[in-house]
Amino acid sequence: MNLVRAELERLAARRFNQLMLALLVVAFAMTAMTTMIGSHRPSSTEIASAQQAAAEERQALEANYQRCLTAARSGLPPEEAESFPEDCSVFDPAQRDRLPVATDHLQGVFNFANQARPLLYLLIVFLVLFGFLVGASYIGADLSTGGVVNLLIWRPRRLAVLGAKLGTLLGALTVVSVLGSAVYGGAFWLIGQTAGMPGPTDGGFWPWLGLTWARGVALVLFAATAGFAIATLGRRTAAALGAAMAYAVVWELGLRVVVEVVGMPRGEDWMLSTYLDAWLTGEARLADATVCRNVSGYCDGSYQLGWESGLAVLLALTGGLTLAAFAAFRRRDLI
Amino acid sequence: MSAVIEIEGLRKEFHGPNRSRQVAVDGFDLLVGRGEVHGFLGPNGSGKTTTLRALLGLVHADAGRMRLFGEDVPRWQAAVAGRVGAIVETPQFFGNFTGHRTLRLLALAGGVPTRRVDEVLEQVGLSGRGNDEVKGYSLGMRQRLAVASALLKEPELLILDEPANGLDPAGIREMRDLMRDLAGAGVTVLLSSHILGEIQLICDHVTIVSRGRRVAWGPVQDVLAGHDQHEWRVRVPEPARAAELLRGAGLPVDEFADHLVVGGVPDAGEISRLLGERGLWVHELVPLRPDLESVFLELTDDGAEPPGSGHEPTPYDPGGGRLIDLDATAGDAREARA
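Protein chains in written order, with numbering that gives the first Met the number 0: chain A, 0 to 334; chain B, 0 to 337.
Everything labelled a hint here was simulated from the structure, so no lab data went into it.
Okay, the calculated beta carbon distance ranges per label pair:
1. A:I46 x B:K134: 57 to 67 Å
2. B:N43 x A:M244: 35 to 45 Å
3. B:E153 x A:W207: 54 to 64 Å
4. B:A77 x A:A315: 26 to 36 Å
5. A:A28 x B:G135: 25 to 35 Å
6. B:G127 x A:A315: 48 to 58 Å
7. B:G127 x A:V174: 28 to 38 Å
8. A:G203 x B:A77: 47 to 57 Å
9. B:G94 x A:T173: 25 to 35 Å
10. A:M244 x B:D61: 28 to 38 Å
11. A:V174 x B:A77: 29 to 39 Å
12. B:A77 x A:T173: 23 to 33 Å
13. B:D61 x A:V174: 43 to 53 Å
14. A:G166 x B:G94: 23 to 33 Å
Fair warning: this is a prediction, and the values are worked out from it, not measured in the lab. Backbone N, C-alpha and C define an ideal beta-carbon position, used for all residues, glycine too.
Okay, chain A solo, but in the shape it has when bound:
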């Protein structure tokens, strides 16, 4: 327990971590400020106009659905019918997640319920970046400056020391994520109440928001663990940053181009970003153009990967890295 207390104080006292935390707060504040400045409470005229635009959009959706049904009954010329599938359910307005509403057509009005999804994803991106950098730097700086050696002279059980460091890091990040999310979410909720619109927050809104947020916090912890593990394996912070950059450039960009040029089936399955998406959103919706190569007419090459796949890949990746880091640290000569 003493070790955890000492590590917690060391973590909080590190200048780099303080700087990262300050940048996180600045990023949150700037996002909230620009949102607040760019929003206003809508007038009754604006609301009426938006309601009309939404009604027209709903009518257009219904009309398109009816055209699809007509095409399915061979009631349209072949060149027009070609653009519709045999199964018109994808155009059925009743089967959409949501129908257009007036708030979609209000310009310059912040709508909390509508904007919650991108705002939450932005929050998670901030926190993931923060977690990865702090996780990598926390152990990387200690390894490269000899801080770990100092500590091991006092506490020679290597795995316990590394475990205490990782545990302290994850605990601290959870607290920062919870507090940061509460402040961030609270700020936008207030903006919605005072300088915009709260939007429809009934039904499944809060459960969805809570579930996605929890997945996001788990992702922050995965990222921090990965940063910590790679920096441990590479003995310095730069190893984690370099590995992340190399992966992004070589794999996510380079391999993606190769996959597209070669026409590899389900190339997206090889990208980590696919599983991040699947985990965070609950389901990654992907398209595989190769299945439509010899298909004339409408071809839906889409497929889905569920959150279970995302979780499995993230667990395997961070678990593997962590095991490798602990094994290497246990046997490593600290010189």
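On the provided structure of chain A, position chain B as indicated by the hints.
Quick look at chain B alone, frame taken from chain A:
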């Protein structure tokens, strides 16, 4: 006297790129008794720091046996860690932490009462700078801070690797006094240093390592006595004639501009008698005693035996473990002393 440190046959290889390997320590032995202030000498790259790191569990030994307070390490490292204070090379500290916070975090991690922080800062002469950030410390102050960190847990064994690094003469003297105080309080000290004069002043025992192997060890005076060539500096009115006379008596003589160095004579009266009988009256007759520096240079010269040759030195044996050109080295040492 019970042993605090026992190392037998320690071997450590480091593997480099292209499957290259470097033997850092090769069959090294070390014995440090309770209450000793033990000097640990060796040139750069001789394996001192690797040995200390292995003893502290920071480096995994390839072979050999190590014990601290009678307990096998690294197996029982955790059991004895609380009794050992150590600094290995110059420890780095976070620059934006104060000296006080640096020590407090270590004390907290090690379960040591934090009141010890002020005590050790006082002990190493940093009490006035404890609340300053470490980045503002000089090299000598950082070294003091490192020593303070080693003293925090009131160790029974203190292992210090180059503690005088960066210290000015006054600081070195304070460090020497601190070592003496600690030794007086019953703390066993293993002190690695390049400042041989300090080792000779502070330490009662010494181990000299060269190329990963022990080449001399024992009480400092015994090691020095083992290397005493019974040499004398002689000033006479006719040095050339005197040299001829002494050589005629079977004594080795080196001639210098204004004096002779005569070896192999335990009793100075023999030289006086030989020269006096021929009417040469000695102006000056000074014994040339070996100091630790000359012994160190002699034993750790570049021509020393490489590791793995199978030659095992014996304690206090002047020739033990060396394959150097003794004549050339002894001549250099004599010239330096003359």
